[in-house]
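J.: Generate the whole structure from the sequences, applying the supplied hints.
Residue numbers (the numbering used here), protein chains in the order written: chain A, 152 to 548; chain B, 152 to 548.
Check each hint, because a few of them may be wrong.
Any copy, or any two copies together, can satisfy a pair, since identical chains are not distinguished.
What the hints assert, rightly or not - Derived lysine to aspartate or glutamate pairs resembling EDC-like cross-links, with alpha carbons at most 20 Å apart:
#	residue 1	residue 2
1	K268	D421
2	K437	D421
3	K426	D211
4	K424	E434
5	K426	D209
6	K264	E309
7	K424	E445
Derived by calculation from the structure, the hints in this document are not laboratory data.
Protein chains: 2
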Amino acid sequence: MSKVMIIGAGGVGTVVAHKMASMPEVFTEIMLASRTKSKCDAIAQKIGGNRIQTAQVDADKVPELVELINSFKPDIVVNVALPYQDLTIMDACLETGVAYLDTANYEPKDEAKFEYKWQWAYHDRYKDAGITAILGCGFDPGVTSIFTAYAAKHHFDEIHYLDIVDCNAGDHGKPFATNFNPEINIREVTQKGKYWENGQWVTTEPHEIHKPLTYPEIGSRESYLIYHEELESLVKNFPTIKRARFWMTFGEEYLTHLRVIQNIGMARIDPVKFKGVDIVPIEFLKAVLPNPGELGENYKGKTSIGCRIRGIKDGKEKTYYIYNNCDHQVAYKETGTQAVSYTTGVPATIGAMMYLTGKWKAPGVFNVEEFDPDPFMEELNKRGLPWNELHDVDIEL
Amino acid sequence: MSKVMIIGAGGVGTVVAHKMASMPEVFTEIMLASRTKSKCDAIAQKIGGNRIQTAQVDADKVPELVELINSFKPDIVVNVALPYQDLTIMDACLETGVAYLDTANYEPKDEAKFEYKWQWAYHDRYKDAGITAILGCGFDPGVTSIFTAYAAKHHFDEIHYLDIVDCNAGDHGKPFATNFNPEINIREVTQKGKYWENGQWVTTEPHEIHKPLTYPEIGSRESYLIYHEELESLVKNFPTIKRARFWMTFGEEYLTHLRVIQNIGMARIDPVKFKGVDIVPIEFLKAVLPNPGELGENYKGKTSIGCRIRGIKDGKEKTYYIYNNCDHQVAYKETGTQAVSYTTGVPATIGAMMYLTGKWKAPGVFNVEEFDPDPFMEELNKRGLPWNELHDVDIEL
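T.: Below you can see the structure in the form of structure tokens.
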């Protein structure tokens, strides 16, 4: 008998609700809550079978969250709302003594930082209260860190070079759309690049470093070095790492659109006074861009995300490439959303399962690579995100 | 002794105020009014000498306009506000019996039409009231139509082919900015192309037809066939015209920015509900783009706008090219605004002068080519917009 509360009814929330509903042996009672209850109701209705209860909650407001958590009494809260809301939801979990899981780190509204410091600062309070918090349990961050932990456990004595590679070779047929919340997506992609090398962070201009990389079943795609949040926890948790980088593929048209969006001021995250109202340009842009949750139907092609690792095993140099490919159409047929939401929602579901089955349970605030990767890796293969590994191949990096 | 009221305190209003202030022999008393009085005060202060009185008025509201006109009692109202406001200002002039002049045709808020029909519909009422209304007295529309009338009067028995060519070879040093109100600019440029041929309008896809044209003192620039409002009145007033087209130069980067602005939905003119407020994307975009009035200081290079005409004189084929080149820096030094505002504001000033000196005065609503071009052409040479003419040259079109 377990109870889980999902907060957030976007594409990822849709996937999490679908997946959890299909696993009654783990998730007995499921509540889906968001600012807009009708979005939850629509998802619940599509899933059917009275599997999903729904509720309205403003995740910016701790008292509202506390009241809802106290009335439903979940064993864990799965936060797939906006990253701005991580701290209020963590506060509410702390106050009610309920476990916490999310898929993206907290981000202040007024600056794009992608740092874990605000959430890590909760560690002692969670530890003292005997509550588990699992941070960044989507695909990236999430599975990429678990892949790294799996590699460290089974295939390396020391990891020296880590390159996380994220390719979306899908085509949604729109001139421009982002694959998840445009506000977060554009913030992430337009920031300066950053990677870890020899004990310090090296900063680059946005998209300054790029090269073609070959992705399995896809082929060559221009890949750009960007900063991604899991690098911060991975270099802390795997101190033998000499260099850690993150690469993402972008099409030329996508980058042109981003460049223009910045040039015209629509990527700004500071408010502009308009008709007496404070309006943040990137938030308004989100309102006019295609809804990422609705891209699924015509989305064709695959994503390919993985880790390319070099290091030492038994005194010898070794290379290792572990990845998952996910097909947009297959994801859509199962859950009604495309692969970018699917690859985030399935790991969040598995993470909650790990907690509820006692495999990932420890008082404090943890990144996913701090837990045993093996049971999680086993579930990935069963729950729609099978992985492949290649040993001693040319990893190009 | 004459009194003139300028409505609108943008770049064009700034130029009109400067020019009128420098011509006390024509403009004895000048009032500058706009929605934001502080903008008028700033312009008046810069001009100095107590030449400009200022007032606040909401040009969307006829009663407010009527009250202000009745209190100041101008001989003519020069409308350099938004094209949306042409009809309310025309209503107020009709009610108060005051002459009217504008620089751009009325446009309904909810559709981009660029048609004169709404304003032409006032003709009988203005005629019956004995009031003069002068439409489209900027550069284009405006001087381009006066150039055509001048050509028809002095150099042609029949004009057959008219090509208006508008080149802005200036560089403002910003990644993207529009030269006048971005809302109107983007509406105009992103619409379908349209030209007159053999008694009917031919429609093209946006930017479908383009070719390099050579501009005097500038060189070759890719020029795009777009629709421009003066074509409508010119083919009506010069019925011998077999084909009338309008060409404008755009840089590749400018067009890329426009394409993206459309792709992302920011060129939309229908309201989007955001935070409970109706927001028209293109109006919000205007709020985040650089203010065209502030581009002047670093604007380098020239504009070149003119008419390339083919027709018959004394039974023989003839070509004729009449144009003005205007330097952004020179315009800025004189009035604090760049050439695009300057080339619009100076003709509006001369048009008001034509009315006040009795040279252009007739009850009814008129386009500028319906008046005698000669006194206007003479003033262009004296007031900062000298023109050149070339006979029997290769006009490329």
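J.: Provide an ascending list of the numbers of those earlier hints which the structure does not satisfy.
T.: 1, 6
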